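> Could you put the whole structure together from the sequences, leaning on the hints where they help?
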Amino acid sequence: MNKNKLLFEFLAELIDVEIKKYVSLASRGIGPDARLNAALVYDEVNELLFFGKRLLDEIQANKDADQIDDSVFYNLFDQVKFYIEQEHLRAYAGKLLDENNIHTTVDTRTSKQLEVLAEIAAYAEVDLSIRSKPVTEIQKQCQFDSAKIIKCILTLAKKVRENPHMEFDEKIPPHAQAILRRNAATRYHQVAKEIDELYQKCELVLKDSPLEACVSLLTKEEAWAHSAKHQGQLNILLERYKSLEPGSRLFSPTHTWLEVAAISSKAEGYQPHKQIAAAKSLFSSRHVLFGGVIIASSCVLALLSYFSTQLEENYPSLQL
Numbered sequence: 001m002n003k004n005k006l007l008f009e010f011l012a013e014l015i016d017v018e019i020k021k022y023v024s025l026a027s028r029g030i031g032p033d034a035r036l037n038a039a040l041v042y043d044e045v046n047e048l049l050f051f052g053k054r055l056l057d058e059i060q061a062n063k064d065a066d067q068i069d070d071s072v073f074y075n076l077f078d079q080v081k082f083y084i085e086q087e088h089l090r091a092y093a094g095k096l097l098d099e100n101n102i103h104t105t106v107d108t109r110t111s112k113q114l115e116v117l118a119e120i121a122a123y124a125e126v127d128l129s130i131r132s133k134p135v136t137e138i139q140k141q142c143q144f145d146s147a148k149i150i151k152c153i154l155t156l157a158k159k160v161r162e163n164p165h166m167e168f169d170e171k172i173p174p175h176a177q178a179i180l181r182r183n184a185a186t187r188y189h190q191v192a193k194e195i196d197e198l199y200q201k202c203e204l205v206l207k208d209s210p211l212e213a214c215v216s217l218l219t220k221e222e223a224w225a226h227s228a229k230h231q232g233q234l235n236i237l238l239e240r241y242k243s244l245e246p247g248s249r250l251f252s253p254t255h256t257w258l259e260v261a262a263i264s265s266k267a268e269g270y271q272p273h274k275q276i277a278a279a280k281s282l283f284s285s286r287h288v289l290f291g292g293v294i295i296a297s298s299c300v301l302a303l304l305s306y307f308s309t310q311l312e313e314n315y316p317s318l319q320l
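Quick note, the sequence shown lines up with residues 1 to 320 if you use our numbering.
It should be emphasised that the hints constitute simulated quantities derived from the structure, not laboratory data.
Here the structure is a predicted model, which means the values were calculated and not measured.
One should not assume that every hint holds.
Calculated cross-link-like contacts (lysine-lysine; reagent style BS3-like; alpha-carbon spacing at most 27 Å) [what the hints assert, rightly or not]: (1) 193 x 133; (2) 133 x 3; (3) 207 x 193; (4) 112 x 53; (5) 5 x 133; (6) 171 x 95; (7) 5 x 242.
Derived DEER-like restraints, expressed as beta-carbon distance ranges [to be verified]: (8) 225 x 245: 26 to 32 Å; (9) 54 x 186: 46 to 52 Å; (10) 28 x 232: 20 to 26 Å; (11) 135 x 225: 25 to 31 Å; (12) 235 x 167: 49 to 55 Å.
All residues carry an ideal CB built from backbone N, CA and C; glycine is no exception.
Set out below in structure tokens:
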């Protein structure tokens, strides 16, 4: 199987789970921030669908070609990798704030997705040590908004680490306050280096960016309407691909599509492809990652409405 087909199959699964994600954020998310995140993921899906169409066009155009132009693959691979890195590090920021006992989280799913991308990269001889950068306006906005919220979250962790008895803003939910105080004297010191490094990276992104926080909203009703359209577009792409690769794992009766915040260890979607050589994932080093669009932590989710209120009221970023 060629690398374009491998990337398309990965992309199809990514599009499907991102559609589920913006519906989940708009339907069950907490406060305005969840709706802001949902709007960003909706924009991301529009881009990913465009990427999928370009890949299919390349696959069809080069089906019988003696020489293949790989420029489209390398360009799209880097942008797909950027989006996964975004989501993965955002989940990582949530884990820094509070290590919960739920094993089926966004962090787990995105870690598996990064492993699959690393395998595709090894097959295609892509250098993963080069950090992906935002290319489109949507990607730049995604990175900026991520930095904004992560900085607020880590600022709070840094403050309570230095003063466990500090008074919290009354808008912060009581159970989130309890988790923050519990971690103040233990966890936040244990992961102090990771917190401080990520905080500094957020500051650099915000300092160098001319952007402002996203103000677009996506309601529950809009999310469901958009998801039906997006799922229809994805199905059209899958039908085209099926005509080219009827034996693809995507069409196997045992194939399992991804879940937003849970995975099955038996899901065929995560099985290493037989035609890809085993490769050690370079994504385990998080210094090459930054950004994201969803956090898988109950504490963080509870804080999102508080941070979104700050952003909506044009409060300055919390300062130490």
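> Taking the hints in turn, state whether each one holds.
Hints, one by one, checked against the model:
no.	hint	result
1	193 x 133	holds, 24 Å
2	133 x 3	holds, 21 Å
3	207 x 193	holds, 21 Å
4	112 x 53	holds, 24 Å
5	5 x 133	holds, 23 Å
6	171 x 95	holds, 22 Å
7	5 x 242	holds, 11 Å
8	225 x 245: 26 to 32 Å	holds, 31 Å
9	54 x 186: 46 to 52 Å	holds, 48 Å
10	28 x 232: 20 to 26 Å	holds, 23 Å
11	135 x 225: 25 to 31 Å	holds, 28 Å
12	235 x 167: 49 to 55 Å	holds, 53 Å
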